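*Asks:* Sequence:
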Amino acid sequence: MKENKKILKRKERGITLIALVITIIVLLILAGVSIAMLTGDNGILTQAQNAKDKTEQASEAEKIQLAVMATSMDNNGYTEILDTDSFKQELQNQFGSEEVNVTPNGDGSFIVTVNDRKYYVNDDKTVISNDNIIEIGTKEELEAFRDDVNSGNSYEGKVVLLTSDITLSEEWEPIGFMDKDTDAKNPETGDSKPFKGIFDGGNHIIKNLNMSSTDNRFNSLFAFVIDGTIRNITIGENSEISGSSGAGVVGFLYGFEGNISNCINYANTNCAGIVKVIAGQHIIFNCKNYGTINSQDSVAGGIVGNSNGDDWKQFENVSNTIINCGNYGNVIKESGTYCAGIVGFFKGNILNSFNIEEINSQGASVGGIVGEINGNIENCYNIANISGVGDVGGITGRLTGNIKNCYSIANITGNYSVGIFSGVIHTGTVENCYSKDDEFNVSNLGNAFKEDTNNINDGYPILQWQ
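Numbering of the sequence shown is given in the working numbering, commencing with residue 1021 and proceeding in unit increments.
Just to be clear, a hint being listed does not mean it is correct.
[Stated by the list, open to error] Taking lysine-lysine and the BS3-like style, the derived pairs with C-alpha atoms no more than 30 Å apart in a straight line are:
| # | residue 1 | residue 2 |
| --- | --- | --- |
| 1 | Lys1178 | Lys1205 |
| 2 | Lys1213 | Lys1200 |
| 3 | Lys1108 | Lys1138 |
| 4 | Lys1178 | Lys1308 |
| 5 | Lys1424 | Lys1308 |
| 6 | Lys1333 | Lys1200 |
| 7 | Lys1308 | Lys1456 |
| 8 | Lys1138 | Lys1213 |
[Stated by the list, open to error] Label-pair distances were calculated between CB atoms; the ranges are:
| # | residue 1 | residue 2 | range |
| --- | --- | --- | --- |
| 9 | Asp1211 | Asp1472 | 47 to 53 Å |
| 10 | Asp1457 | Phe1276 | 41 to 47 Å |
| 11 | Gly1157 | Asp1199 | 30 to 36 Å |
| 12 | Asp1185 | Asp1478 | 30 to 36 Å |
| 13 | Trp1332 | Glu1193 | 27 to 33 Å |
| 14 | Gln1112 | Asn1152 | 50 to 56 Å |
| 15 | Leu1086 | Asp1168 | 30 to 36 Å |
| 16 | Ile1476 | Thr1158 | 32 to 38 Å |
| 17 | Asp1136 | Asn1258 | 34 to 40 Å |
These are computed hints drawn from the structure, not numbers from a lab.
It should be emphasised that the depicted structure is a prediction, and the values quoted were computed from it without experimental measurement.
The C-beta atom is built at its ideal place from N, Cα and C for all residues, glycine as well.
Based on the provided sequences and hints, a complete structural model is requested.
*Replies:* What follows is the structure in structure tokens.
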């Protein structure tokens, strides 16, 4: 009986609320307010609903941010990547019985869904609300997004999510562009249109990415990115990049923020697999190249072409990081310097990366991992043959820095300055490194390596992340 009374009371409250809403609408109509003014796009009721939605989103975003902070504090105040289970538990503590879904992207970012609204937790622990997330699921939507960027919308502060695989049918015009008259060392001047947001491919594939035009400054999926992040995208097979030199994912990445992570390239390109040029301070994380790099450009690399050199004065005190990257494609260079499996020329640190395909150059500064480096190489290996004219090494062609915990079992050929690990050492050291003539195993190389139990590397040690 008591339960029946409760049900009746709830029904009475519902009926009373409906009656109240109807009464208000009738009064507004009698006062001269039209139905359109009430329910149109800018109507009173629509604006009230929008205000309610924004309030709810602000509250939900705040709870997610508190869960992020609590998880970080539980891990002594800092974690490179939030622990997914701990994060889920803190979200449950914040939202109680509400349905909350968490999708980790594998690179420190998450998609959190609350009451059918999506929130994006970036790897810097910021929370981006539903209103700033744009979803793309078709070729036409991707093209419209590209055209919007190229018209001047940088998407700064926005997240663009790819929700399905996309097959392109015409030659691709890149997203963003740098005007040919713009000084690359001051690219924010001139008539250039960069992308500045976050593009998350959702681990989907873009197929048939083909470019042969010489009109673009860079031929890539994204030609020009300033302080933006590109992650979780695969450039599929049947893709070819020629004409203006570029890479599968990004042509020119500039600034002090923004990273490239979890990207895979199968396109055959004319400079690099993932990024042609890095200028500033960035991290390239967990990227792989399977395409053939056949370069007539000044540089060639399986993952990156080159990063800012010493003549980029605005970046003289900063460096970049390449970590957990692997090259599975041939790198060929017909002339000139800087050719390697991971990056042609680099200022920064290369960690936990490898090359397993042949490097062939008709020029100098040729290496299994990097052509020339001003920085450090640690926990890397090369198992492919390397050939060049001069300054040729199994790990690097020219070294200013240190090589540590690496191995190379390459056959290395060149006319001058040929070394097992580095062709030329300007300054620095080679520590705890091994060649094909040495007996070594996982215990010699350190905890970044593990045994090749599945024989994917002819029994030689592989990296923990492989």
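*Asks:* Starting from the hint list further up, note which numbers the structure goes against and sort them upward.
*Replies:* 14
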